[in-house]
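Same order as they appear, the protein sequences are chains P and Y.
The opening residue of the first sequence carries number 1 in the numbering used here; numbering runs sequentially from there.
The opening residue of the second sequence carries number 1 in the numbering used here; numbering runs sequentially from there.
Because the hints were derived from the structure by calculation, they are not lab data.
Heads up, some of the hints might be wrong.
If several chains are the same, the list does not tell them apart, and a pair holds so long as it fits within one copy or across any two.
Said to hold, decoys possible - With a cut-off of at most 30 Å between alpha-carbon atoms, the simulated DSS-like pairs for lysine-lysine come out as follows:
{"#": "1", "residue 1": "K17", "residue 2": "K119"}
{"#": "2", "residue 1": "K408", "residue 2": "K307"}
{"#": "3", "residue 1": "K408", "residue 2": "K382"}
{"#": "4", "residue 1": "K284", "residue 2": "K408"}
{"#": "5", "residue 1": "K17", "residue 2": "K364"}
{"#": "6", "residue 1": "K307", "residue 2": "K48"}
{"#": "7", "residue 1": "K284", "residue 2": "K17"}
{"#": "8", "residue 1": "K364", "residue 2": "K146"}
{"#": "9", "residue 1": "K48", "residue 2": "K119"}
{"#": "10", "residue 1": "K364", "residue 2": "K119"}
2 protein chains.
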Amino acid sequence: MPGYSQYAIVKSVMETKIDTITDGTVTTPHGFHAGATAAGIKQGSDGKLDLGILFSQEPCVVAGLFTTNRIKSAPVVLCRERLERGRAIAVVVNSGCANASTGEQGLADATEMAALTAKAIGVEPENVLVASTGVIGQRLPMDRIKDGLNHISLSDDGGHELARAMMTTDTVPKETAVAVSAEGLRFTIGGVVKGSGMIHPNMATLLCFLTTDAAVEPDFLQQALHRSADISFNMVSIDNDTSPSDTLLLLANGMAGNPAISPGSQPAELFQRALDRVCIHLAKAVARDGEGATKLLEVTVNGAVSKTDAVLAARTIVSSPLWKTAVYGRDPNWGRVVAALGRSGAEVEEARLDLCIGDILVLKGGTPQPYDEPGVVHVLEKEEVPVTLELNLGTGSATAWGCDLTEKYVIINSQYTT
Amino acid sequence: MPGYSQYAIVKSVMETKIDTITDGTVTTPHGFHAGATAAGIKQGSDGKLDLGILFSQEPCVVAGLFTTNRIKSAPVVLCRERLERGRAIAVVVNSGCANASTGEQGLADATEMAALTAKAIGVEPENVLVASTGVIGQRLPMDRIKDGLNHISLSDDGGHELARAMMTTDTVPKETAVAVSAEGLRFTIGGVVKGSGMIHPNMATLLCFLTTDAAVEPDFLQQALHRSADISFNMVSIDNDTSPSDTLLLLANGMAGNPAISPGSQPAELFQRALDRVCIHLAKAVARDGEGATKLLEVTVNGAVSKTDAVLAARTIVSSPLWKTAVYGRDPNWGRVVAALGRSGAEVEEARLDLCIGDILVLKGGTPQPYDEPGVVHVLEKEEVPVTLELNLGTGSATAWGCDLTEKYVIINSQYTT
């Protein structure tokens, strides 16, 4: 029986493959096109892309997750309504203006933006979803949007342009795609995401568009997106400030020709794993490119009494301004990790607590250990700084990602609208 | 009857007075002495005061509130134990080392620090309380403390020295006192507090020592302290990071000679008002002197469905890094206030929301109003920046205080231990 078991694992590894595609993006899956233009929505943007369209040749099943902020942007209100139908063909997105806190006029503007897009690409308005990111409390410049939409040409490598058109304070476009192959099943998942401030997603995130050419049953698509978001975007924090615009959309156009993936099946498990990988890749890219960031912070909490507690602890520590500034300054001030854990609300017994900075044990059973201080400084000097806490209370585990806090975050955000 | 009512009010105003005492401090109330020395506990402190004693000529009734962080410093553990007796004569405090995350050795060190103090001033060790603030995860330098305690001379204006000895990244000592007089009743309340990072108190705060020469019943003393803390220290946030060392002590030595103040009485109401004033004064001083701060932020939320909701909203907004950086940059980006409100968890109906920056209405019923932008910038340029939100849902109100977020916060905290 052990032999059989081993054979089964080897067989499984040989038959199913998830490969990252070089230069993959949201238009890598079959049948998705995109394009963007510089419509002049971003203030002083000097011709930067700020308006884009994502389009599918075939109608898509759509899953979505949105901000839990009680103040919701007009595009979020519109998308939530339209998602009840569960179908879409296109998404229009702009940066430079969030169309949030804009009252009834804002909703009218978002609806018109969808209608103008529908007209430009020749589809029904109800099949167009809308996303906007940028300054809150200002109206969309509708004339520039109308004009800009007529200058967008769609292409099957237009995802790269779309990724740039979504950027606000992001310094790099963030995109990826994976190819999945198994016996009798081949499909692709791609995505683009933008950060990089007001990032503390909760049940959704930032703006992120994911696509797949797999055929997927609608309920499973929503369920899979939820699960992936919980271990990726919902585990990222830049600055604790959840945005009113967070929008995560997953469009599945079925052009891979597979039988629709249903829950509990082997293809479903494979789809979930591939989607997890895409989402974690993009979530970490957001953390790494947080406003003013120089480093990616990773906090893993093991041995919590529950998964919920582990999530709470990991998210709280990765959000602590004092740990974030310590890492920035390569300051081995690990007491700040312990302090943040203690205020997280997670069950903690100080006398059971172990803490490693990188691989270096600094606290064991709540007692400080003599440790290699230059070694810890060396860990803090790297581009990715991992911290692991063992609570030794149960089996709950979670990993969260964030970034260091630098003077540049302050400079970026003290001069955002003016 | 209206005439009688009015007379009663006038009478009340004439008979009871709460006056702020110029240069008042924790030793202003009768019978309290203090002193401090530079014991060399602070790293590279160049002779700065870092060890102090607060002493009462008569034994005191004591009330205390401590951090809700699950990781508690050794002094907090010791104080909580000793407060069960409800009596104390002295408090010893050091800055430069928090004696937190120091395991069993830390508790032994805190106990010894109390014993050494008791010996130096000639009282029983159980009557001495201990507080420490500074770096987490390092042992107290007991030899320096032992030596330092022998160099402290106590005096009745030693409160000023004590205020300085508690400082870590604080730029100014924070102290106050008020004199209360009513028919047949005269007493004084004084206090000192230190900030100025890892400040997000919850049911307690930072290090703060309050004294009064009033005689006060023990249960009422604790109850009054709790109430005052809830509207003062618990409404302050510098950086969301609740410390493991938060300690708020109130010592009442009864030397004013009044009959012990009991709950529900007129003196009790007067005591509460005076204590509220002292606590709010000190809490605002902490916010104003937050690490790297240039401004005091004040956020008032009215019309919430409950007091709890109002507190949640006010605290969340005053803690928002994006609003804090906007104020620093004099950027009238009021959408960030709305976004923080929306994520606070408080009940919000966007269509009922009004927002004023200073006195200038920028949002009415959820719709942006044309407003005087240079006027808002002028509000943001002042040293105190008030914001008022009307949720128009109920009668819950709360005010919270914080500070702007500047490059200097990052610089201070990226170079704290090294």
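**Message:** Output the indices of the hints that this structure fails to meet, ascending.
**Reply:** 1, 2, 5, 6, 10
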